[in-house]
Amino acid sequence: MEISVEINGTSHTSDVEPRTLLVHFIRDAAGLTGTNIGCDTSSCGACTVHFNGEAVKSCTMLAVQADGQSVTTIEGLANGDQMHPMQQAFMNCHALQCGYCTPGMVMASVSLLDEIPDPTEDQVREGLEGNLCRCTGYHNIVKAVLSAAGGGQ
Amino acid sequence: MIPVAFDYIRASSADEALAALGEHGDEAKLMAGGHSLLPMMKLRLAYPSVIVDIGRLSDLSYVNDGGDHLAIGALTRHRDVEINEMVQEHAPLLAMATAHVGDPQVRHRGTIGGSLAHADAAGDHPSALLALGGSVVATSASGDERVIDGTDLFTGFLESSLEPTEMITEIRIPKHTGQGWNFQKFNRRAQDWAIVGVSAQRSNGSAKVALVNMHPTPIRATAVEEALAGGASAAEAADQAAVGMEPSGDLNASVEYRSHLARVLTRRALEAAGIS
Ligand SMILES: Cc1cc2nc3c(=O)[nH]c(=O)nc-3n(C[C@H](O)[C@H](O)[C@H](O)COP(=O)(O)OP(=O)(O)OC[C@H]3O[C@@H](n4cnc5c(N)ncnc54)[C@H](O)[C@@H]3O)c2cc1C
Ligand code: FES
Ligand code: FES
Chain A
1 MEISVEINGT SHTSDVEPRT LLVHFIRDAA GLTGTNIGCD TSSCGACTVH
51 FNGEAVKSCT MLAVQADGQS VTTIEGLANG DQMHPMQQAF MNCHALQCGY
101 CTPGMVMASV SLLDEIPDPT EDQVREGLEG NLCRCTGYHN IVKAVLSAAG
151 GGQ
Chain B
1 MIPVAFDYIR ASSADEALAA LGEHGDEAKL MAGGHSLLPM MKLRLAYPSV
51 IVDIGRLSDL SYVNDGGDHL AIGALTRHRD VEINEMVQEH APLLAMATAH
101 VGDPQVRHRG TIGGSLAHAD AAGDHPSALL ALGGSVVATS ASGDERVIDG
151 TDLFTGFLES SLEPTEMITE IRIPKHTGQG WNFQKFNRRA QDWAIVGVSA
201 QRSNGSAKVA LVNMHPTPIR ATAVEEALAG GASAAEAADQ AAVGMEPSGD
251 LNASVEYRSH LARVLTRRAL EAAGIS
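Those protein sequences? They're chains A and B, same order as listed. Mapping to the working numbering: the first sequence position 110 is 110, numbers consecutive. Mapping to the working numbering: the second sequence position 170 is 170, numbers consecutive.
By construction, these hints were calculated from the structure, which means they are not laboratory data. There may be inaccurate statements among the hints.
Unchecked claim - Here are some of the chain A residues that sit facing chain B, going by a computed Cβ distance under 10 angstroms: (1) L32; (2) T48; (3) R125.
Where a beta carbon is used, it is the ideal one built from N, C-alpha and C, also for glycine.
The following block holds chain B by itself, in its conformation from the complex:
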């Protein structure tokens, strides 16, 4: 399968990439690892006429200590997030979710910024971002920067609140050192996307829970969080996991089965995060 023909621009800096986006607007697409975009282009579900390759912006591949948070460059590959010691210590949920993404070959190419910008409800990273209360830094062609909270990032099916002329440059994850956390992913074959997944993060008495593939967008399980805040047990709270969700049914799972999985996996995740 071959993508529709396109013009190729290799950016050597974020400024250059943003200038190209500014010039070509909606016609252009950034390519980071290309591991969501290229498969879609090969299936001709996406056919941008200009590709702006940001894969070589190595200055945007880093994990830095930002004091109360970790600052992760948008071009940091899954593999580099997964094995990073600071991520393992201060945001182990992110390391665990990342280790569940695809297979080693995919993790050698895909980037955290690409995963979040792709805004796929079936993606593992968005749920970790939501449960960790993280945010992204979006930089625009005019050089303006704004911080978008994870809860405001995912707006629709494969849609984010990023403007076509904006790019994610950094991801910020509040430190959750020494707290309970867990990631659950249910799939039928190794390497597959989650049929349903759950990110759970406990921090000083409260908990955030986010679900994979249970709604058109990545989503927080607010009914579960509220039940926990109201004193419910992990099992009672997990019963609320499918409340307000609109999962789709497909070959792998009906709506009922997905809802059942969400409840079971949420209970497991909460218990593993040390919530009883």
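Isolated chain A (complex conformation):
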């Protein structure tokens, strides 16, 4: 089935089997490998992208469900050489170690602030409950999100 998905503002058209997962379309058909696959069972959040502006797990969507719709991946956040404020906050707060969870974590965090622009620490922790990190212990991730919410202070 031929589908077109707008990813980071560019339309990607490809002939896919209906059973193709969205994350495979993003990585293999569009060649955008910033989105990682961790658990492949909708638990870890490594594959989080924005679907029509909201965080979703792309391992738990079919590519055909995204036909004609818009997806943003981690590659689509920065403005040229200028990092997105959330990426900058992750960097400033040392919110990553191995970095495997980071693309999903950043996408989930941006979506969280879209819904709750000025969250409490508890709201950040709850809002990121769908994203697992095996390295950082989460504290610096939470700090980064709070700092991005406060305009990077």
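Starting from the known structure of chain A, arrange chain B with the ligands on it as the hints suggest.
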């Protein structure tokens, strides 16, 4: 993990979806948010040969004031239920239970109709539907509509009284404005399914209580309700929470531990609902 190959039909109306179900019968499965069905297909526990995608039926995503009840479109996503002001005012138990479903990513995709049709004893929505005395509207390929009371919906393990050619189009929740209510969910990690959960709803002197993951089906705790009706205190009534239940034991909890949790969580839920 990749599902078994299937044919994909994207429905642009409920009629189209029902016609496809009528044509393909048992071979076909509706896909709403896909957040129960797709994980099962990836694990190859489900392998429908036709998927009828109803995810774009935005005319079935709504919360309307139906007078004495709220009418909620089957395709309304968890997120939209959770933050809806009418739900928060007239059925706050449903808003609270919905906020406990999975994580934000899951709530951006999963739908209330999908949760109820999936009929999972471990699901949070079925217990809220039962405690609120709600019902669902099922529409069939021939266009007939019938209202199924929540108590008649869940018939077995992951089984409902829906026919293969029927789809849930609407959920009806009687208004419970200004009454006591509470939802309790015990799990080991954030985002997890309930090991045990409890929905409790008080309304003008009586109370309904329903349990999550304490039986092969979502279930009302009738022994608790009867004890309360007979004048028992919340603590005495909660002692009856595991009566008649047949929970299973698994990695997370033995049967005894689940039964203990049911009693403790029911007491907490009743007390938080203002029943002493
Ligand atoms: C990581 C993860 C964590 C989760 N945690 C929880 C949790 O804590 N608590 C909880 O309650 N749920 C949880 N869920 C499940 C989630 O709530 C699902 O969204 C929900 O169970 C199914 O809704 P859906 O719209 O995705 O349905 P789908 O997966 O699309 O469909 C489920 C079933 O219902 C049928 N169906 C769908 N819509 C209709 C309809 N309108 N009429 C008739 N049949 C229909 C389908 O054919 C299928 O058999 C979790 C899911 C995931 C992936
Ligand atoms: S890879 Fe999708 S949630 Fe883990
Ligand atoms: S930084 Fe390694 S998993 Fe999060």
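Identify whether the interface hint at A/R125 stands, where standing means a beta carbon of chain B within less than 10 angstroms of its own. Constraint on A/R125 satisfied, holds at 8 angstroms.
When the nearest CB of chain B is found for A/T48, is that gap smaller than 10 angstroms? Since chain B brings a Cβ to about 6 angstroms from A/T48, closer than 10 angstroms, the hint holds.
Hint check, A/L32 versus chain B [nearest Cβ-Cβ separation less than 10 angstroms]: 19 angstroms, violated
Hint 1 from the earlier list is the only one contradicted by this structure; the remaining hints agree with it.
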